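Colleague: Listed below, chain by chain, are the residues.
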Amino acid sequence: MNTTSHSRFTKTVGHFLLCLLPLLFFIFAWELATAWEPKRQFIFSTPLKVWNALITLTLSGSLFKHACITVWEAVCGFLLGTSLGAVVGLSFWHSRLAARIARPYISMIGSIPIFAMAPIIIVWFGIGITSKIALAFLPTFIVAVTQSYQGAMSVEQRFLRMMQVVGAKRMQVFRLLVIPSSIVWVVNAMKLNIGLALLGAFVGEFISSEQGLGYLIVKASGLYDMATVFAGVIALAAIALILTAAVDQLERYLLRWKAPEAT
Amino acid sequence: MTPVVSEDQGKGDLPVLEVSALDFSYSAGLTKTPVVQGLSLKIFPSEIVTILGASGCGKTTLLNLIAGLIAPIQGSIKVTANSGERGRIGYIFQQDALFPWRTVRDNILLALHLDPSRKKDVSESRMNTYLETFHLPQSVLAKYPSQLSGGMRQRVSIIQSLMFEPELLLLDEPFSALDFYTKLRLEAEFYQLIKREKRAAILVTHDIDEAIALSDRVLIMDRSGNFTENFSINLGSSRDPEQARGAPEFSSYYQKIWKELKAVIQE
Numbered sequence: 078m079n080t081t082s083h084s085r086f087t088k089t090v091g092h093f094l095l096c097l098l099p100l101l102f103f104i105f106a107w108e109l110a111t112a113w114e115p116k117r118q119f120i121f122s123t124p125l126k127v128w129n130a131l132i133t134l135t136l137s138g139s140l141f142k143h144a145c146i147t148v149w150e151a152v153c154g155f156l157l158g159t160s161l162g163a164v165v166g167l168s169f170w171h172s173r174l175a176a177r178i179a180r181p182y183i184s185m186i187g188s189i190p191i192f193a194m195a196p197i198i199i200v201w202f203g204i205g206i207t208s209k210i211a212l213a214f215l216p217t218f219i220v221a222v223t224q225s226y227q228g229a230m231s232v233e234q235r236f237l238r239m240m241q242v243v244g245a246k247r248m249q250v251f252r253l254l255v256i257p258s259s260i261v262w263v264v265n266a267m268k269l270n271i272g273l274a275l276l277g278a279f280v281g282e283f284i285s286s287e288q289g290l291g292y293l294i295v296k297a298s299g300l301y302d303m304a305t306v307f308a309g310v311i312a313l314a315a316i317a318l319i320l321t322a323a324v325d326q327l328e329r330y331l332l333r334w335k336a337p338e339a340t
Numbered sequence: 002m003t004p005v006v007s008e009d010q011g012k013g014d015l016p017v018l019e020v021s022a023l024d025f026s027y028s029a030g031l032t033k034t035p036v037v038q039g040l041s042l043k044i045f046p047s048e049i050v051t052i053l054g055a056s057g058c059g060k061t062t063l064l065n066l067i068a069g070l071i072a073p074i075q076g077s078i079k080v081t082a083n084s085g086e087r088g089r090i091g092y093i094f095q096q097d098a099l100f101p102w103r104t105v106r107d108n109i110l111l112a113l114h115l116d117p118s119r120k121k122d123v124s125e126s127r128m129n130t131y132l133e134t135f136h137l138p139q140s141v142l143a144k145y146p147s148q149l150s151g152g153m154r155q156r157v158s159i160i161q162s163l164m165f166e167p168e169l170l171l172l173d174e175p176f177s178a179l180d181f182y183t184k185l186r187l188e189a190e191f192y193q194l195i196k197r198e199k200r201a202a203i204l205v206t207h208d209i210d211e212a213i214a215l216s217d218r219v220l221i222m223d224r225s226g227n228f229t230e231n232f233s234i235n236l237g238s239s240r241d242p243e244q245a246r247g248a249p250e251f252s253s254y255y256q257k258i259w260k261e262l263k264a265v266i267q268e
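Chains F and E supply the protein sequences, listed in that same order.
The opening position of the first sequence corresponds to residue 78 in the working numbering, with each subsequent residue numbered one higher.
The opening position of the second sequence corresponds to residue 2 in the working numbering, with each subsequent residue numbered one higher.
For the record, the hints were derived by calculation from the structure and aren't laboratory data.
None of the values given here were measured: they were computed from a predicted structure.
Beta carbons: idealized from backbone N, C-alpha and C, even for Gly.
Mixed in with the good hints, there may be bad ones.
The following label-pair restraints were derived from C-beta to C-beta distances [to be verified]:
#1 F/A175 / E/R119: 26 to 36 angstroms
#2 F/S184 / E/D14: 58 to 68 angstroms
#3 E/F181 / F/G244: 30 to 40 angstroms
#4 E/G237 / F/G244: 33 to 43 angstroms
Listed below are several chain E residues computed to face chain F (Cβ distance under 7 angstroms; list not exhaustive) [as the list claims (entries may be wrong)]:
#5 A68
#6 L70
#7 I74
#8 Y92
#9 A98
#10 W102
#11 W259
Computed cross-link-like contacts, DSS-like style, restricted to lysine-lysine with a CA-CA straight-line distance of at most 30 angstroms [as the list claims (entries may be wrong)]:
#12 E/K79 / F/K246
#13 F/K335 / E/K121
#14 E/K144 / F/K268
#15 F/K142 / F/K126
#16 F/K268 / F/K88
#17 E/K199 / E/K120
#18 F/K116 / F/K296
#19 F/K246 / E/K121
#20 F/K246 / E/K263
#21 F/K246 / E/K260
#22 E/K184 / F/K246
So that you can see chain E by itself, here it is in the shape it has in the complex (with noise of 0.2 angstroms):
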């Protein structure tokens, strides 16, 4: 299969992920459950990509694949800084992965505990700008996870992820388990923070809204694990999720894509 491209990409930048023929199966002793097979993608710096798919039909594996968590068993990932150098991926889960017993502070600049040569003055402002970005006050560095609402706990994972300064974001339904107000909020800091910084990210989830509202491109996985279809997202560059829920192509790009998913859901 041809690499899942958008329209209006490949022209200038080179890709940030690169996914080639791409095959993976989980065994159970000598039985083998085809997952992945044949998959090709290509994601663009600024580029938000949504799969939408049925459950267990593959996704969060091949965000595993990609995140290098496992191996796949034929193909090629290939991720790229800008520098053409081996690029950085961050991965956030629906279930925040913050370590409970360090504070919020501590959480944030584990980059920096995992990483010495990086400077600790560079760190503490970057950790700063990004407080601003996602609207949480300083008081929150002294606080431990526990103490945090659902909605301040997914901030602090995604500006955990983002000190590693990555190129690809991977998100497995990080918004899923949020009030619906919180989400709208954290979808528009997301999504302004992606095209700004010009980094790129595959969404996961079920969300058919917010997989408009928030992408470039929606993708749609069948249970063979491959896509079946494209969709191109073109509600302006300076959209924000919230307002792009009202624009009046919302609703025809919400029927095409589920006349798609559910054919792919019930086969």
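Isolated chain F, as found in the complex (with noise of 0.2 angstroms):
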């Protein structure tokens, strides 16, 4: 390793611990408030129990199977969402009517909290898998829509102009040129929707569902098993960095021709 790579992984570590401060200290915060009130701990658990709860879970491979669940709802929820509103908001680029249209519709349904859309949701497509799919899909595919809107119309007129002069039809700016530039809009979107994914198949099991992690804290919260109910969130939290780590590294090769950012 030489001076240089060795300065940067020092540097990197000394981050790493850095960001962990605030959290060793609300762990130590925590840890002090409830250490010997059993009422405080019955509200608010222990970090301690908070542990020991997602070591049995883990163990039993019940958060794991409920982990999965959640996982596999969001996520096909983001997938559809985001691919299916990027094609609609960039088609909406042939024809600024049809934009127009849409619009109020578009703003309408994403000003609809999710928790309204649940009931009617889950009424349409039963307690089962599908039905979290879809409250996971509805604000992604709104998210996505509006995003590449805005990208396709936000072309760079220079860009514009040069494919007139050379004579590139329609078709051709919209593949060349359109889709392409959109890519940081539809990209955004993702980032976006990674927590509208979540919170939508959370909200589905939240509200009605016998798996996923939804489903596990609903019904440990009504045990009062708060050391679970915290182990559930964690999980969430957990799953929200994967997911978001994940879409870093696609927009890393997505966008690989961008200037790097000045540090």
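Put the two chains together into one complex, using the hints given.
Modeller: Here it is in structure tokens:
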């Protein structure tokens, strides 16, 4: 390891430890506030109990089983919503009239809280996995439509003028210019959609389900088993982190042509 | 107004560009602002014509009209190839129009991607020739535009335009953002290429030095959107734009052009 990469490594480790500090402080304060107070332990649990619940649930395979179901629902909704939304949003580039007609409907659907939609979706699609996928799909679709349409309409004029001068056909402009230049916006939609897809799946499980992290959390909270509730929340956070990291990797690949930002 | 032509042109070749009685106005509500009025112009193969004028006098609008980006209110614009068919146009802007998500190679081969009837090996061989002409190494092909210097980007941009085999090149201040040394090199490469390949070019610039060093003719545009003066520049046909700046006649051209340009700017 040369000096430069060694110092970079030290810096990365240093940053990581710095990022951990607030978390460690929080755990310490939590433990301190609940250690000798059984009443508080009943409401807030303790870091140690949460840790034990995490270990127990992991060893029994229950946490993994519920997490896999939530991930499957969220990822299916995310992929369907983002890809279909991107296709629809980019297609609006072909017709401003269609975009103008669709805009108020998209804004309206986008502003309805997913909690309000959940009972309708569950009635339509049942209490199985399909309704959770639909609840993850809905907000991600709306965000992807809005973002990708915005991207399609933000193509730089100099590129459009150049394509016009060289006699490119409309479909060629769409394929070679509009789609690739909107990728930045689609990636932004993906980043926003990770959280929305997880929320949709979770809300579905929360309202009516027999599996998934939402179900695990609701069931545990009904029994005042706060340690399991926290274990479920931690698992959800870990899934969000992993999915965000995956989208970051995809972004690095799709936008590899971008100049590195100054640090 | 009679078409602006140089004294020694129009004898053998057909004009690449023929603009007749061109009118164009910008409309804002009911108000119309005339930008180009009754303008006529002829340009022949191998000719480099520079347009000078005050900011906002309509130089870029004229290029946009010729490129077909905007339609004239009146008049005609004819771009003709040697074969008599409709000629092609290349447009190089001050800020290049290289797609940032495509490698240099894919940017240069855009003509091939837009027109599959072009032969891949012919296009690649032309690309390699132009890379040599503009002193760009092969290694540049795998890079993205964001990894290139300003001078390299502008070279790639010119090559990209040339790959469409345009009879007429329109250049809107293409060298203005470059440092002086890069500008001189690029001007020389560009000048030699235009003369060798017998293409024609219209250059819009604010730099009188550049106009004299590169051009066969310098046209001064006034605020009414017409040409007031047509200077033929005779500094020898095998000249280099860098050497041209040291020619004895250079300062005399400069004085004449500056006097006319000053009058137009102060109008």
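Colleague: Taking the hints in turn, state whether each one holds.
Modeller: Now for the hints, and whether the structure bears them out:
1. A beta carbon spacing of about 35 angstroms between F/A175 and E/R119 agrees with the range 26 to 36 angstroms that was offered as a hint.
2. Separated by about 60 angstroms at the C-beta atoms, F/S184 and E/D14 satisfy the suggested range of 58 to 68 angstroms.
3. The hint said 30 to 40 angstroms for the Cβ distance between E/F181 and F/G244, and at roughly 35 angstroms that hint holds.
4. Checking the proposed 33 to 43 angstroms range against E/G237 and F/G244 shows it holds: the Cβ atoms sit about 37 angstroms from each other.
5. Given the 7 angstroms rule on beta carbons, the hint for E/A68 holds: about 5 angstroms separates it from the nearest Cβ of chain F.
6. Annotation: E/L70 was flagged as interfacial toward chain F, and the flag holds, the nearest CB pair being 6 angstroms apart, inside 7 angstroms.
7. The beta carbon of E/I74 comes no nearer than 19 angstroms to any beta carbon in chain F, farther than 7 angstroms, and the hint placing it at the interface is violated.
8. Residue-level restraint check for E/Y92 holds (minimum Cβ-Cβ distance to chain F is 4 angstroms; threshold 7 angstroms).
9. For E/A98, the suggested interface contact is upheld, since its CB lies about 4 angstroms from the closest CB of chain F, less than 7 angstroms.
10. Hint on E/W102 holds. Least Cβ distance to chain F is approximately 5 angstroms, under the 7 angstroms limit.
11. Below 7 angstroms, beta-carbon pairs count as interface contacts, and E/W259 has none with chain F, the closest being about 31 angstroms; its hint is therefore violated.
12. In summary, the hint linking E/K79 to F/K246 is supported, as the alpha carbons are separated by about 21 angstroms, within the 30 angstroms threshold.
13. About 28 angstroms separates the Cα atoms of F/K335 and E/K121, which keeps this hinted pair within 30 angstroms; it holds.
14. Between E/K144 and F/K268 the alpha-carbon distance is near 27 angstroms, which keeps this suggested pair within the 30 angstroms criterion.
15. Restraint check for F/K142 and F/K126: the C-alpha separation of about 21 angstroms stays at or below 30 angstroms, so the hint holds.
16. Restraint check for F/K268 and F/K88: the C-alpha separation of about 27 angstroms stays at or below 30 angstroms, so the hint holds.
17. For the suggested pair E/K199 and E/K120, the alpha carbons sit about 23 angstroms apart, so the restraint of at most 30 angstroms is met.
18. For the given pair, F/K116 sits about 21 angstroms from F/K296 by alpha-carbon distance, which is consistent with the 30 angstroms threshold.
19. With a C-alpha separation of about 20 angstroms, the suggested pair F/K246 and E/K121 falls inside the 30 angstroms cut-off, and the hint holds.
20. Annotation: proposed proximity of F/K246 to E/K263 is violated, straight-line Cα distance about 43 angstroms (limit 30 angstroms).
21. Restraint check for F/K246 and E/K260: not satisfied, since their Cα atoms lie roughly 46 angstroms apart, outside the 30 angstroms limit.
22. As the CA atoms of E/K184 and F/K246 are separated by approximately 34 angstroms, the hinted pair breaks the 30 angstroms bound.
The structure fails to meet hints 7, 11, 20, 21, 22 from the earlier list, while all remaining hints are met.
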